[in-house]
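Chemist: The lines below spell out each chain.
There are 2 protein chains.
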Amino acid sequence: MPLLRDIAREHTDPALEVLRTLLHQPSVAATGEGVAACADLVRGAFEEAGAAVAVHQARDAAPIVIAEFPGEGERTLLFYDHYDVQPADPLGEWTSPPFEPVVRDGRLYARGVADNKGDLVTRLAAVRALKAAQGRLPCRVKFLVEGEEEIGSPNFGSYVRAHADALRSDACIWESGQRDLKERLQITTGIKGICYLDLELHATSRDLHSSLGAIVEGAGNRMAWALASLKDPSTGRVLVDGFYDRVRELSAREIEATRKIPFDEPEFKAHVGVERFIGGATGFDAVMRLLYQPTCTICGLDSGYTGEGSKTVLPRRARAKVDFRLVPDQDPHEIAALVEAHFKKLGIEITASLLGGERAYRTDLDDPFVSLVTEVAGEATGREVKLYPTSPGTGPMYDLGAALGIPVVSVGGSYWGSRAHAPDENIRLADFEETIYMVARVIERFAGRP
Amino acid sequence: MPLLRDIAREHTDPALEVLRTLLHQPSVAATGEGVAACADLVRGAFEEAGAAVAVHQARDAAPIVIAEFPGEGERTLLFYDHYDVQPADPLGEWTSPPFEPVVRDGRLYARGVADNKGDLVTRLAAVRALKAAQGRLPCRVKFLVEGEEEIGSPNFGSYVRAHADALRSDACIWESGQRDLKERLQITTGIKGICYLDLELHATSRDLHSSLGAIVEGAGNRMAWALASLKDPSTGRVLVDGFYDRVRELSAREIEATRKIPFDEPEFKAHVGVERFIGGATGFDAVMRLLYQPTCTICGLDSGYTGEGSKTVLPRRARAKVDFRLVPDQDPHEIAALVEAHFKKLGIEITASLLGGERAYRTDLDDPFVSLVTEVAGEATGREVKLYPTSPGTGPMYDLGAALGIPVVSVGGSYWGSRAHAPDENIRLADFEETIYMVARVIERFAGRP
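Chains as they are written, first to last, in my numbering: chain Y, 238 to 687; chain G, 238 to 687.
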């Protein structure tokens, strides 16, 4: 019997053809461009591989594709992926057109190739390779592929809750994972939440001449006071009453795992161009903050005259966009209400609209699935593995992990130079092949095979 | 001998023709459109009236027109005006095109008709009427007409200082003055200064994903802290060290004059849409603040993502425009330096560029010229006169009054509905005629005639 590794290698080229087809099809969630057509291609790829496929089409939402492959035994492994991509602009900064996949120097370039179409296809290829090697799968495998991840998965949570029975599984592999600058494989078992607020403030009924500023307060000044009051500049601590009330204490295992996370502080600081982190944190403390502290970041500010030169206007309106990254068990709706109460207490009338709300999620590090994936991924790739109890970023992991009550582990095929969300997004072909085999081995071992 | 009033009336229609010619000629200081051509028209109008005219043309500056009419005696009266106008946009909000003067309902509509071409022409017409009535003027009359008032008169101060001898006069009538909602004539004898700063802050070397906000501070947050620190939200007091050090104490005469200033607080509040003034000021206190307190107003704010929806960006850059209205004897350059020192002390690195700096000016209310103008204007128009020791607005009055050491009084031909700087700018024809006579009487009385 040929080795699984060889069979996985044979599946690489056909899988690349499937991937090219998906990459040729724009599927921009922000604009809706090509989203339905891409969902059709995903459905076709699963059907062609022998899955039972259902497409869930809610009103005004992108289709969700659910595929199920039968297998031996009672265990079910679930893969979460998404077929939508970020907008391709700035177009001028791409070396080749974003929706015309092309190989240069052993790398495949296209929008969405790293995030997340490449991973989707490696997983499908792993299933096909296993079926080819063993006649049938050693366990049931389900795929849940949504089309709104890049816009905050607004319809995903309600879908999962309504279809929890059909999605029932024993563990989930999340969308992606990368090789770091030292070529170590990153495995992540959690994610932060988010409360993204659009703040709007009206100070007067019209724009006024700024000479009235001695008695009439403008919207810009009020907004500056409101925003400045949200966070302590020296410690970075959020000053909204009740903000930290639900923050879950870290487990000893999480702290222990965090001690093993590599962090090249000088390199990081040089990369982002800062000399000092918030609160003067350094080394391990900085990593602890990055992974486990909620944030408050002003993403956008707009008021009055912003052109060249001067205009002496007292602006009637100011707007701000503020992003709070949340940790377990903060609730985005509750945080939005606390922020509103904070402004009210301050005496500044502001309308706060919740543009994005997701909860944080962290898989229990003692769950055997975590050590299984970590161990198998290391063996299959020959790479050192680094376990991250959480990503500092956000995704709908809570919607799935909490609703189904299962461990969720993220591992995948991208690398430090993949440029997700940026021009010249790419993956390395060698990583693509390596990942197909790694995923096939994870499925085998998850099913209890040696 | 016919009455001066009748002669002034006869000069109204020819003066309107001169005004229409000036109004047809755009002269937008902000863009430079038509500025030189308008200066030529102004020069022509003065020459045609028999003045000795000089045009001062500095490099990259709008021409300054200086006209001198000979007269009896030793006294010289100076008029300050400007021929430049504000941009006409938003064009769609004009009932008729801004540079096609048209009369509707006894009002003449055009950009610049109230600010300040109409006043310039009433003054020229007053001189012509006096000459027609009496053969020659009872005193020397000079006109100083600049073309950059609407962009902060950047070249005016240096011109005046270099040509103080040629401009030497005994008193000055400033550009304009209006009839208030109750048709009282406003006379103003001072003006606030300004320090307009463009602030720029860089937090990181690039825009970052906002998930890094736990350890990296963004430009928006830093700017909010910097701006919030400038002013006390409850009292409106500016918190920059040294900001008030040079503020001159008010004279008893100024306070006394201020008590007579009418202020319809409910009407004002309804007009601007506020329920409360800064610091809870009300009535006389609000007027005192409006006229004599320096201000700090955020005119513009810009950072990160300001479009629709959400973008989770940690912005590298933030900008703000901040307008400080100054009172005697604050110095705009010194204030800019104090603000920079304030940010430095706060530990926030900000570049501050001075986009506009003018000093405040107040004429001594005991100067006999103040009572002369007040008295004559009331007699000539039959209106109740209200004396304002200062305007809350700004202009280059200090450049002239301080350099020449003369009293400066502002009175003119506009009214409460003139909409200066706004669409449908207009004056009333009856006010135009009234103002010609009023100015002629001021000249007569200034020259010591009955």
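Derived by calculation from the structure, the hints in this document are not laboratory data. Note that the coordinates shown come from a computational prediction; the quantities given were computed from them, not determined experimentally. Be aware that one or more of the hints could be misleading.
[To be verified] Covered stretches of chain G, as calculated for chain Y (at least 3 residues, CB under 8 angstroms):
hint	segment
1	390-402
2	445-458
3	468-478
For each residue, glycine too, the CB sits at the ideal point set by N, CA and C.
Chemist: So, for every hint listed, does it hold in this structure?
Modeler: Here is how each hint holds up against the structure:
Only when three residues or more bring their CB closer than 8 angstroms to a CB of chain Y does the claim for the segment 390-402 of chain G stand; here the count is 0, and the claim is violated. With 13 residues having a Cβ less than 8 angstroms from any Cβ of chain Y, the segment 445-458 of chain G passes the three-residue criterion, so the hint holds. Counting residues of the segment 468-478 of chain G whose C-beta lies closer than 8 angstroms to any C-beta of chain Y gives 3; at least three are required, and the coverage claim holds.
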